[in-house]
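S.K.: Each chain, written out:
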Amino acid sequence: MTTLDLPPVAAPGPAADPAPTQAAAPRPERKVRLGGITREDVFTVAGAAIGSLALNWMLYERVLPFSGAFGFLICWYLLFLAGYFALGRLQWHRLMVRDRLVGVVAWSSGLLVVALIVDQIGYVLSRGSEAAQHLNFFTQSMDHTGPLNPITDGGALNAVVGSLEQLGLATLFAVPLGIAAAVFMSEVGGRMARPVRTLVEAMTALPSIVAGLFVLGVVIITFGFEKSGFAASLALTVMMMPIVTRAAEVVIRLVPGTLREASYALGGSQWRTVWNVVLPTARPGLVTAVVLGMARGVGETSPVLLTSGFTSQFNGNPFSDHQVSLPLYIWNYVKQPYDGMIARGFAAALTLMIVVLILFVTARVLGGRRPGQLTRAQKRRIDRDARRLEKAAAGAVARPYALRPQEQQ
Amino acid sequence: MTSAAEPAAPYAGSPGRPDHGPDQDVPRVITAPATPGDRVFRGVLRMAGLSVFAIMGLIAFFLILRGSDALRAVGLSFLTEQKWQTAAHNFGIAAVLPNGLLIAVIALVIAVPVALGTAIFISEYAPVRLRAALISLIDLMAAIPSIVYGLWGLFFLQPRIIGFVRWMANHLGDTIPFLKVRTGDIGTSYTSSTFIAGVVVALMIIPIITSLSREVFSQAPQGEREGAYALGSTRWGMVRTVVLPFGKGGVIGAVMLGFGRAMGETIAVALIISPNFKAITHILENGANSISALIALRFGESDTLSLSALMAAGLVLFALTLLVNVAAGFVINRSRSGSATAD
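Residue numbers (the numbering used here), protein chains in the order written: chain A, 1 to 409; chain B, 1001 to 1343.
The following block holds chain A by itself, in its conformation from the complex (with noise of 0.2 Å):
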């Protein structure tokens, strides 16, 4: 492909050069580039592409009685692949042009991929917009709006304020419990951790439907009380538990294991180890932990739909009555005939997006820093002790007889 011009390794010039090779020395070594796009490359693909546009229109829209955009593209994209073989084939040698047709396969799963998440958000966002523009949205209920209403009237406030307050109450069950059971599984160890680990890696894929019929079984039907919000956090809590921990489990076992050996060097505990050493240095993981989990359960919509009950009334109390969340408002009004409910479900779920995005670039920017890496602010009061202690250190240098610092208390 590309040809290396290689330093000339005997000067031809006057004989008797003790050291033959040195003539090469002086000259910089240049980085060879291989690969590297060529006006060729650029060619084949967009003459593949074009051509088989052409001819696909012509088969597939002329020719053929075929219809719809979704089998005008496969058709498009198979004519491409076979138009880019043949053109390839004119060039180059047999295992370059497989070599270059599977390298434009993983481009255009990659675009595809990308693509479909792209238009997913937009048409979330194009649909929901409808409804959401209306401040209404955000700050009035359900209670007095019938199917038949027009969008500035109702909203969905008691599903914002339903989907926070079972997530608060998940993540405060959630979270110690998970963290607990990776500590446990990184700290303590032992026979059960690997059992412990498997099954944490098995309830991860737990069926969100099988969370909610579990604790429909059990808070619902054995023990009797009525659906409300505080089932739903709840079942929750089942499925954000193994994320958490699995997500702190990584971050724990990534505290760099001197850590723990100056603490113990310095007479604590594995209590005061893991409290004061362990876990302050793997915090903004932990975090990143906590808002995976939390981005998680927000958007589960089976195991709210079996616990907590729907309704469009404002409720506030998560202990008593049914509780509308955001995924359950969605679920309900989607499925009802009428523009405006189905508008107000997208706008809810424009709604839910927003908040799992914000969940998710949270994790995301807290997630960037390894364990024990400093924030601008930590490093700064670091420095501000720093000098301090140099300044208190050289006020004991200037007056020999007071106190030291580390004796005045």
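Just so you know, the hints here were simulated from the structure itself, not pulled from any lab data.
Ideal Cβ placement from N, Cα and C applies to all residues, glycine included.
There's no promise every hint is true.
What the hints assert, rightly or not - Simulated pairs of lysine to aspartate or glutamate, EDC-like, Cα-Cα distance not exceeding 20 Å:
| id | chain 1 | residue 1 | chain 2 | residue 2 |
| --- | --- | --- | --- | --- |
| 1 | A | Lys335 | A | Glu130 |
| 2 | A | Lys335 | B | Glu1301 |
| 3 | B | Lys1248 | B | Glu1224 |
| 4 | B | Lys1083 | B | Asp1069 |
| 5 | B | Lys1248 | B | Glu1215 |
| 6 | A | Lys227 | B | Asp1303 |
| 7 | A | Lys379 | A | Glu390 |
| 8 | A | Lys227 | B | Glu1301 |
| 9 | B | Lys1278 | B | Glu1081 |
What the hints assert, rightly or not - Residues on chain A that point at chain B, a partial pick, calculated with CB under 10 Å:
| id | residue |
| --- | --- |
| 10 | Ala69 |
| 11 | Val105 |
| 12 | Val113 |
| 13 | Ala205 |
Let chain A serve as the given structure and place chain B on it in line with the hints.
M.R.: Same frame as chain A, now just chain B:
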């Protein structure tokens, strides 16, 4: 590790591990006498760890307890009956279970090639600058709530995919029997089908399969990659002979995890399908079902036997997904431990 130029003196203090330099952070085994506080602390942690067993055990216990009424009422015909008429004591999972599995299989058929292509793209082909952003985007795709997938599938995908479904039914239906649509050529014959539900579920499991496969692909040893290039391999040759064999175990585990997730997927499926209760042979026809969708759509029935029947169905789903997930976990862990010894 240690080159000749480095002084050997700093390691003389720990003769047992001469290979680890000062920045190599290998935790030593620490033995410290446990204080009473430590004992309480460990006890609490152990309880938290074992709570996982308790939760999973309680789920199984209560599903069995609550489902036993229904199982006793119909006995073994619970596994062979297709209908779901709880009032007539005539119900079983012989239709919903295979139909649900069918949705999961269709999802896998669509998702696996796309997910593997994307995983290879991210780990081998994408520009290095884009890699982190792409990984974040895949994670974001996994974080999108399932109800949003359902909305997208119902309102965006379904109206647009009907033309393609109709095309498949009309042109391939005669040669491939399960693509035939026998209910006449009207719009609603092609909607709410197993196939469309499968496509939406495929989108939901793509991120899981992609991120796990990408992880194992990116762990393929650099030396062997360079070795393949040095022998004159093309990039695809390198991927085929180094990366794919190296990641095989992880990919199989990822696909199994995706299958487990696809079986348990509820809301998107329940939004799209129109439920039916006979075993499906033609995937493009209107009407589909799965255990989880059945539970989501029928839990409102208030009599005890109906709920009990749903609990029994949930128990089957729970057992199946647990089996698949634990098996997937073993496969993935084995492939990971293999990767540790590879270099």
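S.K.: Each hint needs a verdict: does it hold in this structure or not?
M.R.: Checked hints:
For the suggested pair A/Lys335 and A/Glu130, the alpha carbons sit about 18 Å apart, so the restraint of at most 20 Å is met. Between A/Lys335 and B/Glu1301 the CA atoms are separated by roughly 18 Å; this keeps the pair inside 20 Å, and the hint holds. A threshold of 20 Å between alpha carbons decides the hint, and for B/Lys1248 with B/Glu1224 the separation of about 16 Å falls inside it, so the pair holds. About 18 Å separates the Cα atoms of B/Lys1083 and B/Asp1069, which keeps this hinted pair within 20 Å; it holds.
Straight-line distance between C-alpha atoms of B/Lys1248 and B/Glu1215 comes to about 12 Å, which keeps the hinted pair within the 20 Å bound. Between A/Lys227 and B/Asp1303, the direct Cα distance comes to roughly 16 Å. Compliance with the 20 Å bound is thereby established for this hinted pair. As the CA atoms of A/Lys379 and A/Glu390 are separated by approximately 16 Å, the hinted pair is consistent with the 20 Å bound. Restraint check: the Cα-Cα separation between A/Lys227 and B/Glu1301 comes to about 15 Å, which is no more than 20 Å; the hinted pair holds.
A hinted pair counts as satisfied when its Cα atoms are at most 20 Å apart, and B/Lys1278 with B/Glu1081 qualifies at roughly 9 Å. At a threshold of 10 Å, the smallest CB-CB gap from A/Ala69 to chain B is about 6 Å, leaving the interface hint in force. Because the beta carbon of A/Val105 sits about 6 Å from the nearest beta carbon in chain B, less than 10 Å, this interface hint is met. A distance limit of 10 Å between C-beta atoms decides the matter here; for A/Val113 the minimum to chain B is near 5 Å, and the interface restraint holds.
Nearest Cβ of chain B to the Cβ of A/Ala205: about 5 Å, under the 10 Å cut. The hint holds.
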